[in-house]
Amino acid sequence: MSHPKSEHPAAASDPAAAPQAFLDPAEQELPLPATDERPTALGPDPVEQATDLAARGEMSAALTMLRALIARESANARARAALAGLLEKRGDVEGALGELGRALETTPDDVTILCARAPVIASRARYDLAEVDLRRAAKVNDRSAEVQVQLGMLFSKRARWREAIEPLLAAVAADPTRDDTHYYLGEAYNHIDDLPAALAAYEAASTLQPGNMRALQGIGIVLDRLGRPAEAAAAY
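Counting from 1 along the sequence shown, just add 873 to a position and that's the residue number in this note's numbering.
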């Protein structure tokens, strides 16, 4: 007796040759993942570790850790900036400037590093170069309170009081909680004889930080200038 022929003769003799459509879905091959999606455990951040060591007074260990990291990763701008901060604390200003310069070779528009280098340059009375850094940072992020307050402080150091007001107002708008910004704004207004504005700025600084002795002194000076000696004495 003859039997009907199968439409897929190969399936009877070789199950592996069966088309995928005739296999149990559970037996079909799944595509391999393109990458290993298993979570990778991250080790501790060496820059943060070094910063913690320095905060605990272990400066030599912190410097050693950062230098070892930079030896392995010469383009690690963050590590160089951290090393520069520690070198500056130890009084090695030129060493700090060297590290910050090398960091900016890798990341020339890093606002944090530009703001770190500007005051170090200014401490060497190289104000024009410090202003170049801050102007570059402002082009990248003109809403940064740190950039604007540093510009205002730099202009104040050079007695460019009227120029200092605009960046300091921008800094207050970006972050009204910084007492130092209000203080420097008070200084600028005081020097251009806008006494009501100076008093308001000093009072804002004193409110944000009641122990800000410079702000209290500024209040006293302005009140004296306004002919209010009793109130000035209370501020003093």
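Check each hint, because a few of them may be wrong.
As the list claims (entries may be wrong) - Calculated pairs, SDA-like style, for lysine to any residue (alpha carbon to alpha carbon, straight line, at most 20 Å):
no.	residue 1	residue 2
1	Lys962	Gly930
2	Lys1012	Asp982
3	Lys962	Met932
4	Lys962	Asp982
5	Lys962	Ala934
6	Lys1030	Arg1087
7	Lys1012	Gly964
8	Lys962	Arg940
9	Lys962	Ala1011
10	Lys1030	Ala998
11	Lys962	Arg997
12	Lys1012	Thr1050
What the hints contain is simulated information worked out from the structure, not anything from laboratory work.
Keep in mind that this is a model prediction, so the values were computed, not measured.
Results for each hint:
{"no.": "1", "hint": "Lys962 to Gly930", "result": "12 Å, holds"}
{"no.": "2", "hint": "Lys1012 to Asp982", "result": "9 Å, holds"}
{"no.": "3", "hint": "Lys962 to Met932", "result": "10 Å, holds"}
{"no.": "4", "hint": "Lys962 to Asp982", "result": "24 Å, violated"}
{"no.": "5", "hint": "Lys962 to Ala934", "result": "15 Å, holds"}
{"no.": "6", "hint": "Lys1030 to Arg1087", "result": "16 Å, holds"}
{"no.": "7", "hint": "Lys1012 to Gly964", "result": "31 Å, violated"}
{"no.": "8", "hint": "Lys962 to Arg940", "result": "16 Å, holds"}
{"no.": "9", "hint": "Lys962 to Ala1011", "result": "26 Å, violated"}
{"no.": "10", "hint": "Lys1030 to Ala998", "result": "10 Å, holds"}
{"no.": "11", "hint": "Lys962 to Arg997", "result": "15 Å, holds"}
{"no.": "12", "hint": "Lys1012 to Thr1050", "result": "24 Å, violated"}
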